[in-house]
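Dock chain B against the given chain A, drawing on the hints supplied.
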Amino acid sequence: MPAFPYYDSKAIEALNGQAVSLLGLFASRGYGREEPAVLQPAEIFLDRSGEEIRRRTFTLMDPSGRELCLRPDLTIPICRAAVEARRSLPARIAYNGLVFRHQPGEPHRPMQFFQAGVELLGLEDRAAGETEILSLAVDALKVCGLSDFSIRMGDLTLFNALVDALALPVGWRSRLKRHFWRAGYVENLLHWLGHGDGQARPPVSRAEIEALLDARADAPLAGRSREEIIARALDRAAEAAKLRLDAKVADAVAQLLDISGPAEEALAKVRALLATAGINLDPQLAAMDARLATLKSLNIDPARVQFTAHFGRNMEYYTGFVFELWAQDKEGPVQIAGGGRYDSMMEMLGAKKPVSAIGVAIRTERVLATKRGGT
Amino acid sequence: MLTLAIPSKGRLKDNCNAWFAERGMVMEMAAGARGYRASFAGMPEVEVMLLSAGEIASSLLAGDIHLGITGEDLLREEAPELTGRMQLIKPLGFGFADVVVAVSGAWIDVATMADLDDVCAAYAGKHKRRLRVATKYAQLTRSFFAQARISDYRIVASAGATEGAPAAGTAEVIVDITTTGATLRDNGLKILDDGVILKSQAQLAASLSADWDADVRKTCESLLNKLDPAAALYPALAAQLR
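Chains A and B, in that order, give the protein sequences.
So for the first sequence, numbering that gives the first Met the number 0 puts the first residue at 0; every next one is plus one.
So for the second sequence, numbering that gives the first Met the number 0 puts the first residue at 0; every next one is plus one.
Since the hints were derived computationally from the structure, they do not count as laboratory data.
Worth double-checking, as some hints may not be accurate.
Examples of chain B residues lying across from chain A (beta carbon under 10 Å, computed) [unchecked claim]: (1) D108; (2) V172; (3) K189; (4) P228.
Ideal placement from N, C-alpha and C gives every residue a C-beta, glycine not left out.
One chain only, chain A, in its complex shape (with noise of 0.2 Å):
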């Protein structure tokens, strides 16, 4: 696809025909379509998202000065629609729409594309939530004629549960979590808690603390609460005593974190290194298993379930499952669909609690490219 991609009269044609089986679908199961508008505010995407959308989105100018973008993706407005109207939950949206995406260092991927997807915002059943969202993603592909292609899948819940399964300081539990999606990173950060010198410091006081932020009168406190610093200082002396992970505890998580390969296989390593660590982590393995099971049922080839710990990395707002549908087109492997559990989105565009929201997106174009050159 070049980065301004022209559509022919018979590329259009194509599109749409898949597009119609798609919505088709989408509706069959009570997904009903909408369509968010185009040009966006940008502080939706740049305040809720973090620069790594920022950097892929493109932001404009209007004539009075009002900072715009055109959508990165149709998740994020269709979110913050359904919680500006308050809509009854649970909600079933399909859309089918362009998105825009600056590739930067990567100039012969397209900038525009389309993406045709659902989203599920507010079925407290997680697992029948999650089964719907996989068996409408596999049953999307089919309906575009397309039954060759394999499935990779991991759970964000799985390391965050690990982590907390640690004897470390809460801090640098949610430091761990935040970092999970740098690769390298994470692990590094644990063969300094498993093998470092965990150096103590001398203890510090609440008082001693006080007297070091008075001295600092004049400074702005910016954004922050006098209380919130002092807190945070003390945490962290706190922290500084404490700081030493079990090296086999720490080894076995590395090693957990690395594991990848055909679903069943790899979740069996899993088993037997949580094992090792004596950890327990029995719910977000069943969970991996309920999964599996969907896909069983849907006669997908188990050799073809990827399991890969580290997996949803990269992807910024996914909270829980996330997984990702692959196929072949005549360059070589290549994504055409994704999707996962986005737990936190509501609540950060302003619903006033946590709301369970799941959701799938297909690259429609790169279906029909598969389809034609495809193996």
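For chain B alone, coordinates are given in the frame of chain A:
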């Protein structure tokens, strides 16, 4: 004709003139050019243009000029990836300034980028929006924060007096340029221990996208030999020119 741009005002301009004078090159202003064009005595094939420091960086990137002297901070902000676009020929030993990450001195719990990362995450969780970093250096900030593994923040463009942003409440953190740190201290700010993004100074730089015909190359070779006969500056540049 080889075009060389030098800063049109301020200390950078004075330092530039002195630097050329030390090498026996006297600048003569062109008649009727309102001080925007000049030449060196005895070197008619070099056209000297006086531009703002920022314009010099963008003109080098665009290939509108062959050589330019400006701050390395501006060059790296203009072109985050210099390779293939610009070549730094020689640091000139003046115009020293650091691009730094600075936070309020009241943030006694924050000394390093790792601390800032914790605070960014806590802030995003509590306020449901990202902590704001005011800066004129969006590109440098973005890549430095990425290296430091910080993602929970957003950049707000600063048009001037960046150091006042935390007190004014328009941003929580700043990335700015400093020479002695005095302005930052006066505003109650401190530089993070590992928060120096770039130690900058004036650089003689070449545009790799300008039109380097044979005559221009010859002129450039003799100019660089005159500026620093010992350093073999031209061969290093020529290797990068297509």
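Hints versus structure:
no.	hint	result
1	D108	holds (4 Å)
2	V172	holds (7 Å)
3	K189	holds (8 Å)
4	P228	violated (39 Å)
Comparing the model with each numbered hint stated earlier shows that hint 4 is the single one that does not hold.
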